[in-house]
Each structure stands twice: as structure tokens, then as C-alpha cells.
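**Q** Here is how the chains run, residue by residue.
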Amino acid sequence: MLDDIAIRVRQNVGIVTAVLLFAILYLLYNLAHPKGFSSAVLVQNGDEIFALAMLAMAQTVPVLASGLDLSVGAVMTMVGCFASYLLTGAADGTPLHLDIFGLQFGLGTFPGGVSGILLGIVLCLATGALAGFINGCVVVYGRIQPIIATLATGAVYIGIALFLRPTPGGKIDEDLNWALTNSLGDFAATVHIFDDGAASWFAPVAWIPVPFVLLILIALLVWVPFRRSVIGRAVYAVGSAEGAAYMSGLPIERAKIAAFTLAGFFAGCGGLFLAIQTSSGNADIPQAGAYTLNSIASVVIGGTSLLGGTGSAIGSIFGAMVLRVISFFFRIFDIAPLLQPLFEGLILLGAVSISALGVLRVKNTLELFR
Amino acid sequence: MSDAVLTQPAFLTLSGISKRYAGVRALEGVDFACERGKIHAVLGENGAGKSTLIKIISGVVQPDSGSMRLAGQDVSFATPSAANAAGVVCIFQELSLMPDLSVADNISIASPPRRFGLIDARAQRRRAEQLLAEIGCEDVNPLMRVRDLPLSRRQVVEIAKALGKKPQLLILDEATSALTSADVEKVYAMLARLKAEGVAILYISHRMHEVEALADRASVFRNGRHIETFDKGKRSTADIVQLMIGRDIATQYPPKPARGAVKPVLDIENLSWDRHLDRISLRVGAGEIVGLGGLDGQGQKSLLLALFGVLRGVTGRVTVEGHEVRPASPAAAKSVGIALVPEDRKTEGLMLPMSIADNLVIASLDAISTGPLVDRARENEVIKRAIARLQIKIGAPGDAVSTLSGGNQQKVVLAKWLMTDPKLILLNDPTRGIDVGTKQELYRLMRELADQGAAILFYSTDYDELIGCCDRVAIMYDGRIVRELEGDELTETNIIASALNIDAATPDAAGAAHA
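The listed protein sequences derive, respectively, from chains A and B.
Residue numbering for the first sequence follows full-length UniProt numbering, starting at 1 and increasing by one per position.
Residue numbering for the second sequence follows full-length UniProt numbering, starting at 1 and increasing by one per position.
Simulated from the structure, these hints should not be mistaken for lab results.
If a hint is listed, it holds; no wrong ones were tucked in.
Chain B residues, not near chain A, derived (Cβ > 12 Å throughout):
id	residue
1	Ala10
2	Thr13
3	Ser18
4	Glu210
5	Arg217
6	Arg235
7	Met354
8	Glu379
9	Ile394
10	Met419
11	Gly487
12	Thr491
Below, in silico cross-link-like pairs of lysine-lysine (DSS-like), each with a Cα-Cα straight-line distance of 27 Å or less:
id	chain 1	residue 1	chain 2	residue 2
13	B	Lys195	B	Lys234
14	B	Lys416	B	Lys263
15	A	Lys363	B	Lys334
16	B	Lys346	A	Lys363
17	B	Lys232	B	Lys186
18	B	Lys416	B	Lys346
The beta carbon of each residue, even a glycine, is placed where N, CA and C say it ideally should be.
Model the full structure from these sequences, guided by the hints.
**A** Rendered as C-alpha cells:
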């Protein structure tokens, strides 16, 4: 039994390191923050972390199958732009029309109200998943290396986003924004459940920020079942040794398509939240790029090997949180914004080096290359 | 064509199977049949068509022509999983394990036990434990990652994985080549059990004594053709070898020269490392081939790696031609005249996608360069010489080394090191999975190198080979050298006895052997 635990810890050293690193950094941050350990700070942090955490999860899945997805930021941006049309929450619905080089096409009216918002959310997430599915098909059937395939499709998705929102704009239902970007208490008050959040049994959890709850729900309801499904296992197998996976009769092509589709779904979740949080759609190209690169950094900090086969989206969530907490420190210590990339880079280097320390303990240097 | 009479309707029948790869014939009009409840050995040199035969039966490749019947039904398998579904399971020589997944994951990879549609980790683990127990290898923890297991244990996992698919026809392709002797026994027992249950077994091995011990029937292939099938005991080993290579072989091993006093090249004193090497002292002289024997995993490989600068934290004293050396890396070892032919030629010995020429000169680039630039003319010249000297059968030097057969690949590894003019050559089981003809050429080459003054330390899992090739054999047990055998003492009985450490005078050592 103890043996088993020791084996599990040894196999998940990357994740454990990321969790510890986050715990230490976040503790220090709260100690240094004038309003540390308060629900308000937690809510603010949750909102800032959520989108990157989703993109980190998104990036993890293709990386596990040993492929990078350079389109996650673009999918996020595109879905955000969709959301700024579909989630306006106007009571009598939103008229939709297309403007292609001056030609106007009416697309009818998108339903309003709560049902309209729910439908809009489903459509946004489906759009993300579809974008990912297309990535997967290009990689599998086009036989193109993932990094190139997603570089190209990412440009297409950004193009669609720019087409939808040449300038930042649009609108998101205010209640939706309020309900999802605050604490559980505010959520209950907005959607009128649990006596508007005043129920006595609800009080002990009312302080928890909604984004954290969403993060945990998505991890539990999407990632954990995927990890334990046959197709999820096949994704790990493909990343570990594709030839062996083929010889074992695994559905390799389906696994890769599933990996990219899931990545698109997670990226869509991130885009949806970002739009809700900012109450607008914005085809921001530098932001899309930054999110993509940060998603890769999060995956690495979270202990997932870029070679594929080992790691977990849970680790990547902590990787994203570590990355974000580092930028929180800049606010407290009032570091010039122009210096931030420099510090972020140095800290990233340091964090990644910690997980490489194990190299020093290896007694048989041949093992370093296996 | 066939001396053997089928005693029952054949389980698997191939008729007129042909296969070409890019115009090169791999199989030509092959008729072949095997029965339930029989172990059927398939013999032949590398390139004889055995691998292609297996790949066709197990659905990895499709034949160009011919038909296949399984249990009276016409079949053709488009994928390995289609073959698996029909009960045809193959244990491949190139392991089909995923190194980053756990043992349990790997064993159940094709059809994991499920609960509510998701993989049931606990049931999967129980299944792994059960299957490993069936082979008698309970010591493998199903939670371990395959990556963290030694090669011999990986092969055990591979066998357990195949067993889990409930095979009707089980194909073993050199499946025991990496196993320890103890595990080989357990696998034999398992095969006997499967045979009794009526499973048809195809057994491919280069180890003649294995075939003799196991097979009820054998078929010999040569140059893509089925040459002959015969029952156990109908042909002598010499006959079989004759059938396989199609030419006479005078002696399997080159003669050992009479030796006078030898000039010591390698002198090891009290070498220790971690828990795997314990105060090793050994000398190897110029012109000597010294074997490392014993059960697998007693420290032989570690000793070679320690000498080659791969291991950290090695203590003791090593001198090469009188100078103390302590190589910190393979590069440093190379610079003092040490060469190592590593355990796994595909990952450690060769850069598979690179050309034969590139691989040949990769260890001796300094010698053929002026300043930072490689001298192309000199490069071509040394490559030509090496290919001629080792009789490596190739198309063009620019072809990827992966296009060569296993035996020729191993020759490239050896040739690469010969170009550095090593004083000490370390060989880590260099003949594993290599055909008889190439093995003999390697033996001849080893002797030739020794005659030219090199000192050779040769680890082999094949006792025959140690007896035939070596001037002296050091038997290792539990990280120590327990005995050195020389001259007339060099017999299989002595090697096995020393390997098990059962003839040691001290009772506690004998006790350790039983523990």
C-alpha cells in the first residue's frame, strides 16, 4: 500500500510541484495584500484565472497526444466574439444579420430571455468544439503536423473573429455577467435560488467565487471522465508511443480528433467566460497569441511533458494559476508594467527548472534519454 | 515440401501467399499450416521472410496475393485489432508497450474492464495482477510505469498483455530474447499450459536450444520461401542450420588461439556502484575476449555502463593500458579508447532515420575532419572500407540505416566503433535477435579484433556463445564476480552452476541463491 502511494507520488511529481508552488505563492500574495484572505480578493483572482486555466486545460489534451495546438487563443477569441452577439439577453431577442462586403443578409432573430441565453451558451461551446474538431480532422486526414495545422486554422479562426467584430463591441447580459463573475452568494441572488442566497445552510459556501466552482465542475464533469474513458487512454497511448498504440489496436485517429475537439471545447469555455467577464467581444490578436503561449507555459509548469504521454489537465490548471499569481505580485509591489515580461520570463524559467532538478539525482545517465 | 503429416485439420492455413516491398520479394508463394495444441517453430535467417509471415497473419500488412483460412473460414485481417478479434495475438519483438502508461493500463489497453462506461481502474489492476501471476511474475507492480521497468520485465508485461487477449493462435516473435533465465522457464510453463488448452502457437526464435526444447514441429524459411516442415527430432541442429543458411558452415565459432602471457589492457579494482556493483576486480589483456556470464540482471550491464562513463557515483580504480581512467561521460570514455556496443541498437546504437554513412562515421568525426569541417573525400573512403571489412549488405551508403536487417544494423554499430580504433571494446549482448549467419560473422570479427590487440569484454545471455567465443568467462552474481572460468572449466554445467552461485563454498552464499 505504502509502495503504491510512493509510486503514485513519484509518477506525479510535476503536478505535486505545481500545487506546492501555487500554494506557497498564493499564501505569500495574500499575506502581502492589504485585503488578503477575503472573498473579494478571491473573486477577483478567480475571474482573472479562469480563462487561462481553461486554455491550459485545452492545450494539455493535444500535448498529451504529442501535438501542440497553436489555435487555442484564436478559438477563445472567436467564441468570445460569437458570444457578444448571442448573449445580449435582450428581452425580445437579438436580430442577427450578416454583412459580407456590403451585402446584407438577415438571419432572423435570436431568441431572448433565459432560454435564449442558455441556447447561446450551448452554441458558443459547440462552436469551440467544432473548431477543435476541424483542427483534429486537418491533422488526421490532412496528415499535417499539429503545430502547422493549428497555426493555419488559428489564423482562420482569428479571421472569422475579426469579421464578426472588426472593432471591440457587442453586449453581454448584465445579470449573466454578474452571476458568473462573483461569489456563489451573488449567483444565487441573481438567479433567485436558495432564498436569493440567504438560506442559512448556504451561508458557509456563499463566499466561494463562481469561476472556481465552474473550474472544478468542468474538471470533474469533463476532464475526469475523459481521463478514464477508453478514448482518453488512447490519447495518452498515442502520445507515449504511437506505433505501439497502433499495434495494440487502439483507435488512433479517433483519439487525435477527440483530443483536438476537447481542446476546442475547453478553449470555447475560456472564450465564453472572457466575453461574459468583459461584457463584450474583441478580436484582439495580440491577446489571442499571449493566451496561446501562456497556455503552453502553464502546461509545462503543470508537469505535463511536451513529448506527450504523461501529465494531466489538473496539473495545467495549477500551472495557469502559478503563472497568474506571479502577475498578481506585480500589482502589489508596483513593478513597472514594461518590466513585467522580463520578470515573468525569469520566474517561468525558474519554475520549469525546479521540475528538471530530478536530473541531478539520476545515477544512470542513459536514463535521461529514455 | 512437407515431411510432417497433419494429425488434425489445420487451424491456420496459408496458401500461395506472396508479398513484395518496393519490388523486393519478402515472401513468394508460401503454403503454411499450423494446428491447435502444437508449438510450431518458424526458423530462418533475418530476411528469410519470417517477420513478413507473422505480420501478414497478425494483420499488420496485407499480402499481395494468396489466401488465409482460420478454423475453416476464409479470413483477411486489415488491422492488428481485426486479427486480435479473431483470436490471433502476436507478441512482437519490437515491444508494443506504451512507456508512459502503467503496467495495468498497458495490459488492458485494447479492452479495459469498464464500469458505467469508464475504465474501472481497480478491476483493471486485479486483471493485471492475475495475468502476471499466471506467468509467475507477481513481482511486477501493476502501478509502475513501463518506462521504469528494465527490458526483461517489459517483455513479461508484453506477454501478459497478449495472454489477456485470450489467444486462439499465439505468435511469439523472439519473445524470450530479453527475458531472464528464470522468467524463460515460467514462460515455457505457460506455453505448455496454453498448448494443453488447445491454443495454436507459432514460435520464432534464434536460440536453437529453445526451439529444441519447446517445438513439436518446425518450419524453415529461406529467402522468402517455405523450405521444409518437420516434426520434432527428425532433424539435427546441424541439419537445421544447414537448411536455414543453405550453405555449409565449418565451425560455428572461430578457433581460439593459444595464449601466452598477455599485456593487460583493462584492469578493474574494487569497482562498486549503487547497489548493483559490488567490489568488482577483473583484468582483460590485449587480444583477449573475456565473457561476462551469469543470470540476467546480476550487474553485467551496469559494469559495462560504468566502464563507459554512463553511471554516476562509481567508486574503485580502473586503468586502461596503465593509465587510471575515470570517464565521466561516453565522450570521455571514447577519448581514452573505450567503445561500447549498447544493449538496444535501435535507440542507443543507431540514429535510425539517418543514413548508413552518417551512422558509420558519427563516433569518429574528429578523425576525418579538418577544423570544423568534415572532409567528404576521407569520409567516403573510410565508409567504403568499413562496409567492405564488415561485409555489410546495403543498397547505398546514403540509405537510412533503418532499411537494413537487424544483423546488418548491428554490424553498423560495431563498425562505427571500430573506426575509433578502440583499445577496449565492450559488447552488451550484441547478438540478441540476430540470425545465425550474421552471428557467425560477428564472432569472426570479434576474434579478428582481438588478434589485432584489442581487449574485448563481452556480455551475452547465450551460454553457448560464451563458451564458443571467450578465452575466459567471469560469472556475476548479485553484483559480484563469483567465479572466472577458463580453458577446460568453460562448460555449460560450470557456467550454470556458477550463475546460480550453487557451487560456492560458503553456505551463506548458497543460501542467498535460494532466497
